[in-house]
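Trainee: Numbering (our numbering), first residue to last: 23 to 364.
Bear in mind the hints are in silico, worked out from the structure with no lab data behind them. Note that this is a predicted model, so its numbers are computed, not measured. Check each hint, because a few of them may be wrong.
Straight line, CA to CA, 25 Å or less: simulated SDA-like cross-link-like pairs of lysine to any residue [unchecked claim]:
#1 K185 to Y258
#2 K185 to E254
#3 K185 to T173
#4 K185 to L236
#5 K185 to Q175
#6 K185 to A302
#7 K185 to P30
Restraint ranges, calculated between C-beta atoms of paired labels, are given here [said to hold, decoys possible]:
#8 P76 to R294: 20 to 28 Å
#9 T173 to R274: 42 to 50 Å
#10 D285 to L176: 34 to 42 Å
#11 I85 to E356: 24 to 32 Å
#12 G63 to L236: 42 to 50 Å
#13 A123 to A93: 31 to 39 Å
#14 D251 to A45: 28 to 36 Å
#15 G273 to T311: 13 to 21 Å
#16 D285 to A234: 27 to 35 Å
Every residue, glycine too, gets a C-beta built ideally from N, C-alpha and C.
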Amino acid sequence: MSRLRDVPLSALDLATITTGTDARAALAHTRELARLVERLGFTRFWLAEHHNMPGIASSSPAILIGHVADATTTLRVGSGGVMLPNHPPLVVAEQFGTLSALHPGRIDLGIGRAPGTDQRTAQALRRTTGPLSVDDFPQQLAELNGYFDGTEQLLAVPAQGNKPDVFLLGSSGYSAQVAGLLGLPFAFAHHFSAENTLPALALYRERFRPSARLSEPYALVCASVLVADTDERARYLAQPGALSFLRLRSGRPGPMATNEEADAYPYTDVERLFVEDRMASQVIGSPSTVEAGLEALLADTAADELMVTTMVAEQSDRLRSYELLAQIAQRSSERVKTEVEV
23 MSRLRDVPLS
33 ALDLATITTG
43 TDARAALAHT
53 RELARLVERL
63 GFTRFWLAEH
73 HNMPGIASSS
83 PAILIGHVAD
93 ATTTLRVGSG
103 GVMLPNHPPL
113 VVAEQFGTLS
123 ALHPGRIDLG
133 IGRAPGTDQR
143 TAQALRRTTG
153 PLSVDDFPQQ
163 LAELNGYFDG
173 TEQLLAVPAQ
183 GNKPDVFLLG
193 SSGYSAQVAG
203 LLGLPFAFAH
213 HFSAENTLPA
223 LALYRERFRP
233 SARLSEPYAL
243 VCASVLVADT
253 DERARYLAQP
263 GALSFLRLRS
273 GRPGPMATNE
283 EADAYPYTDV
293 ERLFVEDRMA
303 SQVIGSPSTV
313 EAGLEALLAD
323 TAADELMVTT
333 MVAEQSDRLR
343 SYELLAQIAQ
353 RSSERVKTEV
363 EV
């Protein structure tokens, strides 16, 4: 039984800046991608929050969400996510209440508890030199919900009555348990924490308590996916993203390399192992390879929704990957329909 035909498809974008381009081009590419996935029938389009990263232009999700929502008509647009420890809950409530009032029924608020950046930048965001802790995350989240629900003493205009669809994001068991206990949908970052995916989802479902928001668990899994015409071409196109991740983890973040730069990079043996391990957790290849990989991922995770992120150097290759992915899902649906009729 195919799960791919039954699971909604969504997209996560980081507004990637490549060598030789700039933030303006990256933001234009984000809008172009959003319009494409809307035409392809995707459910959501989320923007991530990252700071002090030369290769990522999505530092202000709320502003970018408004821009993308204005450029589309039916697509749900949201944050994947807003890092709540970086912002006063009142400000987040006001921003997303405004977005929801402007685009009723189309705004998602994905909340994360990590800073999404380095310690120094996090201190600058929070305007404090005190210790950076996420231990008070549940209280921050309760305060945020209170502004939307009208239970806080302060009035967050226009948050009350304009609550977006709230998701809790995570890459560990902690967030999974919080999401379960609060009865919230849970979005897991499989694309950079694959080893924690199954344990976290098990914890989420085990700890889930029905709420006014959900009667049953709802798990969204975000995976790194790249589809090209052949396996060889897909692996070639995946090299810049893998090199960017290597540089980030080595403390050398920068714009994403071009395909040629990544292909010519002189990897050490240790670096090569790191990159191969990184790519092994991704779904990369021709349409048939990617279909098999996604079916396996969905079977393992029993995800209710699949979100994909595609890190490549060229916008044309990114768009092509999403088009091929939509074709895979369509063929899967048609194949199952034919088998049922027969």
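Trainee: Hint by hint, note whether the structure agrees.
Mentor: To see whether the hints hold, each was checked on the structure:
| no. | hint | in the structure |
| --- | --- | --- |
| 1 | K185 to Y258 | violated (43 Å) |
| 2 | K185 to E254 | violated (45 Å) |
| 3 | K185 to T173 | holds (13 Å) |
| 4 | K185 to L236 | holds (15 Å) |
| 5 | K185 to Q175 | holds (17 Å) |
| 6 | K185 to A302 | violated (39 Å) |
| 7 | K185 to P30 | holds (22 Å) |
| 8 | P76 to R294: 20 to 28 Å | holds (24 Å) |
| 9 | T173 to R274: 42 to 50 Å | holds (46 Å) |
| 10 | D285 to L176: 34 to 42 Å | violated (54 Å) |
| 11 | I85 to E356: 24 to 32 Å | violated (40 Å) |
| 12 | G63 to L236: 42 to 50 Å | violated (24 Å) |
| 13 | A123 to A93: 31 to 39 Å | violated (18 Å) |
| 14 | D251 to A45: 28 to 36 Å | holds (30 Å) |
| 15 | G273 to T311: 13 to 21 Å | violated (33 Å) |
| 16 | D285 to A234: 27 to 35 Å | violated (52 Å) |
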